[in-house]
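Here our numbering is used: the first residue of the sequence shown is 9, the next is one more, and so on.
If you're looking for bench data, these hints aren't it; they were derived computationally from the structure. Among the hints, erroneous ones may be present.
If you anchor each label on the Cβ, the simulated ranges turn out as follows [said to hold, decoys possible]:
{"hint": "1", "residue 1": "Met39", "residue 2": "Phe92", "range": "32 to 38 Å"}
{"hint": "2", "residue 1": "Asp84", "residue 2": "Arg213", "range": "34 to 40 Å"}
{"hint": "3", "residue 1": "Ala140", "residue 2": "Ala203", "range": "38 to 44 Å"}
{"hint": "4", "residue 1": "Ser206", "residue 2": "Glu63", "range": "35 to 41 Å"}
{"hint": "5", "residue 1": "Arg227", "residue 2": "Ser88", "range": "42 to 48 Å"}
{"hint": "6", "residue 1": "Pro101", "residue 2": "Glu228", "range": "25 to 31 Å"}
{"hint": "7", "residue 1": "Ser30", "residue 2": "Arg151", "range": "19 to 25 Å"}
{"hint": "8", "residue 1": "Gln138", "residue 2": "Ser44", "range": "18 to 24 Å"}
{"hint": "9", "residue 1": "Thr163", "residue 2": "Glu94", "range": "39 to 45 Å"}
Glycine is no exception: its CB is placed at the ideal position from the N, C-alpha and C atoms.
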Amino acid sequence: MTPRTFILILALLTAGVARAQSGSEWTARWMADQRSANRGVVRVSMLEKASLRVEYASGSRNMQYEEEITFGPAGDRFESRMVFMEVDGRRMPQETPEQRARREEGRSHGDPQREARRFNRPLSVIEGMQVADDTEAAELDGRSTVRVAMTSRETESPIPRLTAWFDTETGALVQVRAFVGGQGPSALTAFVRYARISGIDLPVRRYTEGSFSFRRREREFSSLVNARVEITAHRVERE
């Protein structure tokens, strides 16, 4: 048997496995694995390095920032600290605790950028989804994956639908693509890539694009946003 023939047979067998399991089975297997891996976890931390371009009716802004974030095992107890921020090439001063509190307050529940951050802990998001049983085998950056479509169990969820890619060999979550809504006309499409770290699937890259509305001085403003975030320095603390 030639190497090429072996690879072809292996690909066909992998595709057969992907078809044999339903989307519900793939997702249930992943959730059970992640719940087990999360036992004893008390804190997760990471560093986000972001590049954003925001376009308004009156112009645009380019922003770079680095932010340390931490949260509990269910994505709760969220905390953040801005390490660095640059706006249109100008370095911003280190924020005070009061400024940090105002920034977090500004990230209201309807803020789609905040909702996109929920994918830092994908288990809490996917647990609230209902899964389509149809699956499709797909290759993603050289990895054999199975693609599963999901919709929210809630009628007014800020994340009404998503598509997840699972590695057919390990069952790990590889990527999520999701529609993220917000208040008014706000709506983003989010792409998130994952890596398995200390047994937990955590984000390593996030890309969002779409429209974003916000209020300032009792007026409503709209903008277009394009954000690329590299996520590093992951740390999982256990009991």
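(Q) I'd like to know which numbered hints this structure contradicts. Please list them from smallest to largest. (A) 2, 3 and 5
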